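Peer 1: Generate the whole structure from the sequences, applying the supplied hints.
Protein chains in written order, with my numbering: chain V, 2 to 236; chain C, 345 to 694.
Please note that the accuracy of each hint is not assured.
Distance condition first, Cα-Cα at most 27 angstroms in a straight line; then the derived BS3-like pairs of lysine-lysine [as the list claims (entries may be wrong)]: (1) C:Lys-649 with V:Lys-137; (2) V:Lys-19 with C:Lys-562; (3) V:Lys-19 with C:Lys-404; (4) C:Lys-613 with C:Lys-627; (5) V:Lys-172 with C:Lys-562; (6) V:Lys-197 with C:Lys-627; (7) C:Lys-426 with C:Lys-405; (8) C:Lys-502 with V:Lys-197; (9) C:Lys-563 with C:Lys-578; (10) V:Lys-19 with C:Lys-585; (11) V:Lys-199 with C:Lys-627; (12) V:Lys-197 with C:Lys-503; (13) V:Lys-193 with C:Lys-503; (14) C:Lys-361 with C:Lys-562; (15) C:Lys-578 with C:Lys-361; (16) V:Lys-199 with C:Lys-563; (17) V:Lys-97 with C:Lys-562; (18) C:Lys-502 with C:Lys-613; (19) V:Lys-19 with C:Lys-578; (20) V:Lys-193 with C:Lys-627; (21) C:Lys-405 with V:Lys-97; (22) V:Lys-19 with C:Lys-361; (23) C:Lys-562 with C:Lys-356; (24) C:Lys-563 with V:Lys-19; (25) V:Lys-193 with C:Lys-502; (26) C:Lys-404 with C:Lys-562; (27) V:Lys-137 with C:Lys-613.
FRET-style restraints, in silico, Cβ to Cβ [what the hints assert, rightly or not]: (28) C:Glu-449 with V:Val-104: 50 to 60 angstroms; (29) V:Gln-9 with C:Gly-437: 52 to 62 angstroms; (30) C:Arg-693 with V:Gly-158: 26 to 36 angstroms; (31) C:Asp-659 with V:Asp-100: 48 to 58 angstroms.
Just so you know, these hints were derived from the structure itself, not from any lab.
Predicted model only: the values in this text are computed from it and were never measured.
Even glycine gets a Cβ: it sits at the ideal position worked out from N, Cα and C.
Here's the letter readout for the chains.
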Amino acid sequence: MPHDPTEQYQDFLFELEKYLRQMNDAGRDMPAFSQLPGWLEWLKADNDPSGDITSTKKLESLKAQFRDDPAKSEAASRYWHAFQALQVHWIDISSKSWDVARVQSIETSSATNIRQFYDDWIEAGEALFRERAVTKAYADQVGEWINAQVDLNLAFGMGEVPVCVDPRDLKAALTEAEAREAQLRSELEALKSRQKSKSARATSQKKAPSKAGQSTKTKASSKSEIALKKSRPKS
Amino acid sequence: MTSARRTAEDIKTFTEKLSHSLSQIRQIDDAAPGTSPHETILTGDGFRLLRYGTDQAHDKKTAVLIVYALVNRPWVLDLEPKRSMIARLLERGMDIFLIEWLDPEPQDKNRSLSAYIAVMIDQCVDAVNTARRTSRLNLLGVCQGGTLSLCYAALFPKKVKNLITMVTPVDFQTEDNVLSKWVREVDLDRLVGCYGNVPGALLNTLFVSLQPFRLGSKKYIDLIDLADNPAGLKTFARMEKWIADSPDQAGTAFNEFVGNLYQRNALIKDKFVVDNQIVNLSKIRCPVLNIYALADHLVPASASKALANYVGCDDYSELTFDGGHIGIYVSRQAQQSIPASIARWILARS
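Peer 2: Dropping the structure here:
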């Protein structure tokens, strides 16, 4: 059987990625916030099959730990599920990208050069990730992961649960209502100022009727200016 | 040599080169960004207004007020002498002012976008106009700062002479906007309730996760190419420092920005209310230069290009950059073209 260098690469990259993540985590201040799952999950799963990351063992131990506190237990369980769902995506993305890079390396004989292989893998991974990241399934999962993490923090006493959490449609209605209110207010202001200038004009007409023609001319010129601006072609 | 042995040798060489670069980067002790001389001319609640340059003949130059995003620090516009959009604009005879947002304290968690736009930016605009003895100025909004600048220009049209937006989101729900899709279902009330001010680290994690392979791994591996290149390593260290330094976000302003814009796209629907007024982009009648990057993963070009359909000015121009969201500030290519184009565009309208 011919030697497949990518098997050695996989072990090496696992160690490398672990190191990079440690280096990054050490330099960052991340209070009460964990990182999104990534391809390290896949490397972990592949390098340590006994510690199957999608197993429910951890979840069971979490539940057991907070048996007397249903809120904490529920929040921990929600977070664990959200994290696992993203891990599943990542195992799929990483394993597919690895396959793409391997096929490519065989076709181009670049597998004997780890740098070249690594670059091919990154490119394949980024392309696969781009496709996945815009899907509703993945996007919703990221949202759920953030919401679950917030719930977990709240359950453990961080911050304050808001007194009133407006449902999504109510929030949209509120945005509409605020806009309508602001619109009505600006229309009212416009009416008031029009009324004001009308009365001022009436007073000045009474005082000097000969100036009426001049006022009409100014109005007409400003109207044509507005028409010209609105006709601007939009690109 | 057997194939397995050759692979092992290859890995060994690769590791040695990477270790060499990493050991060099660890020795860099001064990677502080921000090099152009400047002074603080106004300090307010939540901001500092800086004026760049040492030239005493400031007032004879054309003034530009830069409004940077609330997320990340503005130093990426002045990273180092050869990678400084601010330095390039100064060289082209501009009198540069910059709003430096101060980190919100826990007690600032209820600070709203209205406070940032209608109070803080307005105070800075007035201060620049006072210093320059003018009534209008050139506003340059960068990224989220561009959205804030658009709101300001729509609400205070008489105070803005020319408006430049750079990698600025306008339509927040275009098909290729990954970040927008990710945050669509986030429960912002609970998020803000939990954290108060939203941690910069959360935003940073999301930003890096938009290009996880490149930003989480490849850029570190590419350090191999910078071995024995002290200048290149220093630039890398500065960029890393800038990327990791994400300020927390005032809770209410964050809730309004993400909720009204990313989740409800209210700006282009004429439903975005700031300071009790609708932000109507058609009220922007001053000349507008809209600059965006074609390979922007954070603010896709489609999100910025949309501006053409909403502003009310006759003099609207676009400038595209063949690169990404960060490259537009710091890459050599951008340094050569973007500030020169901005200066030319402004001077033609001064």
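Peer 1: Evaluate each hint against the coordinates.
Peer 2: Quick rundown of the hints versus the structure:
no., hint, in the structure
1, C:Lys-649 with V:Lys-137, "24 angstroms, holds"
2, V:Lys-19 with C:Lys-562, "14 angstroms, holds"
3, V:Lys-19 with C:Lys-404, "56 angstroms, violated"
4, C:Lys-613 with C:Lys-627, "14 angstroms, holds"
5, V:Lys-172 with C:Lys-562, "41 angstroms, violated"
6, V:Lys-197 with C:Lys-627, "23 angstroms, holds"
7, C:Lys-426 with C:Lys-405, "22 angstroms, holds"
8, C:Lys-502 with V:Lys-197, "22 angstroms, holds"
9, C:Lys-563 with C:Lys-578, "14 angstroms, holds"
10, V:Lys-19 with C:Lys-585, "21 angstroms, holds"
11, V:Lys-199 with C:Lys-627, "24 angstroms, holds"
12, V:Lys-197 with C:Lys-503, "25 angstroms, holds"
13, V:Lys-193 with C:Lys-503, "24 angstroms, holds"
14, C:Lys-361 with C:Lys-562, "15 angstroms, holds"
15, C:Lys-578 with C:Lys-361, "17 angstroms, holds"
16, V:Lys-199 with C:Lys-563, "67 angstroms, violated"
17, V:Lys-97 with C:Lys-562, "18 angstroms, holds"
18, C:Lys-502 with C:Lys-613, "23 angstroms, holds"
19, V:Lys-19 with C:Lys-578, "24 angstroms, holds"
20, V:Lys-193 with C:Lys-627, "20 angstroms, holds"
21, C:Lys-405 with V:Lys-97, "57 angstroms, violated"
22, V:Lys-19 with C:Lys-361, "18 angstroms, holds"
23, C:Lys-562 with C:Lys-356, "18 angstroms, holds"
24, C:Lys-563 with V:Lys-19, "15 angstroms, holds"
25, V:Lys-193 with C:Lys-502, "21 angstroms, holds"
26, C:Lys-404 with C:Lys-562, "47 angstroms, violated"
27, V:Lys-137 with C:Lys-613, "23 angstroms, holds"
28, C:Glu-449 with V:Val-104: 50 to 60 angstroms, "54 angstroms, holds"
29, V:Gln-9 with C:Gly-437: 52 to 62 angstroms, "58 angstroms, holds"
30, C:Arg-693 with V:Gly-158: 26 to 36 angstroms, "56 angstroms, violated"
31, C:Asp-659 with V:Asp-100: 48 to 58 angstroms, "53 angstroms, holds"
Checked against the numbered hints above, the structure violates hints 3, 5, 16, 21, 26, 30; every other hint is satisfied.
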